[in-house]
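A.B. asks: Whole structure, please, built from the sequences with the hints as guidance.
Residue strings, one per chain:
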Amino acid sequence: MVWLPLDTWIVVIGALCAMACALPGCFLVLRKMSMMGDAISHAVLPGLAIAFLVTGSRASFGMFIGAAIVGVITAVFTQWISSFGKVDRGASMGIVFTTLFALGLLLIVQAADHVDLDPGCVLYGAIELTPLDTTMTIGRLAIPRAAVVLATVLLINMAIIISFFKELQISAFDPALATTMGINATLMHYLLMSMVAVTTVASFEAVGSIIVIAMLIAPAATAYLLTDRLSVMLVISAVAAILSSALGHLSALTVPRLFGFESTNTSGMMAGATGLLFGFAWILAPRYGLLSRWFHRKNLLAEDPTVTGE
Amino acid sequence: MIMQRCLPMSVFLLIACFATVAFASPFHNHDQPVSANRELEALSNRGIDWPGASQIMRVATLQNYNTRLVVLSTTILGTASGLIGTFLLLRKRSLMGDALSHACLPGIGLMFMMMGALGGDGKYLPGLLLGATLTGVGGVVLVLLIRNTTRVKDDAAMGLVLSVMFGIGVAVLGMVQAMPGASAAGLEYFIYGKTASMVMQDFTLISAVAAAVTVMSMLLFKEFTLVCFDEGYASTQGWPVNWLDIAMLSLVTSVTVVGLQAVGLILIIAFLITPAAAARFWTENLKRMLLLSGMIGAISGWLGSSISALLPRLPAGAVIVVVAATIFLMSMIFGSSRGVLLRMLARRRLNRKVGRQHLLRAVYELIESRKHPEMSDVANVAISMDELLLRRSWTRSELEKLIRIATHEDHIEYYNGKLIRLSEPGFGEAARITRNHRLWEMYLIKHADVAAAHVDRDADAVEHVLGAEMVRKLEEELVKRGQALLVPPSPHTIITGA
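Residue numbers (the numbering used here), protein chains in the order written: chain B, 1 to 310; chain F, 1001 to 1498.
Incorrect hints may appear among the rest.
Coverage of chain F stretches by chain B, computed from C-beta distances (three or more under 8 Å per stretch; other residues unrestricted) [as the list claims (entries may be wrong)]:
id	region
1	1132 to 1142
2	1158 to 1167
3	1275 to 1284
4	1312 to 1318
Calculated pairs, DSBU-like style, for lysine-lysine (alpha carbon to alpha carbon, straight line, at most 35 Å) [to be verified]:
id	chain 1	residue 1	chain 2	residue 2
5	F	1092	B	86
6	B	86	F	1222
7	F	1153	F	1287
Simulated from the structure, these hints should not be mistaken for lab results. Where a beta carbon is used, it is the ideal one built from N, C-alpha and C, also for glycine.
C.D. replies: See the structure below:
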């Protein structure tokens, strides 16, 4: 295995992307809205397609805006269908995102002969190629465009979370209380949704639309098992995000060789790594892990024989 | 009981009919030079090429072998996923199909690798489907495990399993694609679907699975219903809720796995959710909902794939989803049981009724307060709108609107231009409404221990939905107590607002 500067960039971009996703992801997990990340990331396809058809380029700001708008529209439509139609939230989410995805697919296929927009690229991204596209140089260091974009999104997310920490926290745990305290819970909801939409769109090129869901949910869920404090949870999820990026790329370089293959898709491996970290937390977490709960139960049984196992 | 078995049976027969039609008809390949020309034109022409009447007839009567295969397969698949999707929706597990279909991917890749390593054909379909089923079920079990053994909730568990397993699947496929000499191109079909190029094998598979799913949901109808509506009750009754859940999700898995190839990964999710959600707007009866959901699934499949066969360059999977979504939207607006329009009309009707009752009672209480102390009857005198305005917290425009409606209904008439007066039927109606209000107030004071000073508002909140039956009971109660059946005096002082 040879470690090149390219590999460092891949890990950095992966880590930036995973961190940018993990921060809003914590709130999604706490608000029991994780699947919203899934819905939004699928539904931005028509936004990307329309923006691409209008502007004609793939790396444009317009594409970003188009996708972000469709992301927020997904949240709005889901809300409408579940409140006006009294449809289960999950089902209304499913209806909205599959329909938008289908529309996006139709648009792309209609324009297929004069458009270079591959749905495959949207689905899994191409993190291996991102370091090659450099726009900015500081000194002698050429910085890839994806790194600049993702770092900006990460900073924006951090800024929003720090400045609205109290509001986001209260509306995550108790929207009714938030409303009585004069916090606009609806506004906070859509702020979060826009954050998720923008982050998802920014992460597309790097990791694609499905893996971004792993970045949104897995580090946050891992952190949720390790702590009871929101601020600590945010920090842990960011650390888990960095770890999974490094671990993912390392295993993408080494694991295929073990089975005699040449290489594999790095972002897929990063998603696998986030799952691995969650698995560790699931078993080993100090308070909510399987092992500690098992020991706790055993101790209880030893102390008091009248307590039954179940 | 017979009804219970009857309905899925009819669906089953429907599927059987389709299958017979497809198998019995001679498999002529009607590919005429005309269609070849059309394809060439379609390639050179970027606009949508509208089909002629003969073209539509050909597709509608399933004359082309390929079209017939695609249309029948998607119709049958729509029926089966509509049926099982109904249970998923009622179990509030709609997105489970989403998690499941993504979790199938690593199984497909791993199976391809294994079969290739063992020297067989990597793309052997039953093997790939077996792999997909295994990891799909594995994903479902993982979701249930995470939900049951950690504090991570359902939604995060689903999202986690879905994305991580899909990621692993992408990584595995990535390895396979980089494998020298092995062509894994066909595996992409599992993500986007390959509706237009389905073969007989796919059709047979889909029909078999659809039949199995129908029979199973027929046999487990009672159990699934119980688990859907009252999980707690089911488990106290000794039903193995977890096993029933797994049985239900296995059926979903089998539909998903065969559907993956047909309409693609994302679009099978729509097939599982949308028809059931659309059917929910039309009925409150589970059996009817199952039938309707199956029918909506079938119609979306049939119409969607026919449209896609007529218009070149429209992928069938996507068109089917759009058709299903359109049916959903129509159902949501016009649905005869929970439709938005219906509920809006019902609310409007109630608001009108409440407004009329408020107006008439306000007028009656006002003229009652004018009553001469010596006289026992309330005289129907004319009153001004300003007096009325002070009776309740209504704005002038609201009051004017209510009065306008009441004059249309012939309850109120204008008197000398500015003043208003109850009409003959209006007076009777107003007396009746006021009487009901007071009967209810007295009942609340006696039996619900509501203070006399508060009773007006409490009675206000319920009296509009007071049924005739309840009024009769109240009357009987009062007759027993020796009270007159005329409008009783108000149990509290009426603030005239003047």
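A.B. asks: Work down the list of hints and note, for each, if the structure agrees.
C.D. replies: Against the structure, the hints:
For a cut-off of 8 Å, the count of residues in the region 1132 to 1142 of chain F with a CB near a CB of chain B stands at 0, and the three-residue condition is violated. Requiring three or more residues with a Cβ within less than 8 Å of a Cβ of chain B, the coverage given for the region 1158 to 1167 of chain F holds, as 9 such residues are present. Under the rule that three or more residues need a Cβ within less than 8 Å of chain B, the assignment of the region 1275 to 1284 of chain F holds, with 4 such residues. Counting residues of the region 1312 to 1318 of chain F whose C-beta sits closer than 8 Å to any C-beta of chain B gives 5, which meets the bar of three, so the coverage hint holds.
A threshold of 35 Å between alpha carbons decides the hint, and for residue 1092 of chain F with residue 86 of chain B the separation of about 13 Å falls inside it, so the pair holds. With a C-alpha separation of about 25 Å, the suggested pairing of residue 86 of chain B with residue 1222 of chain F holds against the 35 Å cut-off. Restraint check for residue 1153 of chain F and residue 1287 of chain F: the C-alpha separation of about 31 Å stays at or below 35 Å, so the hint holds.
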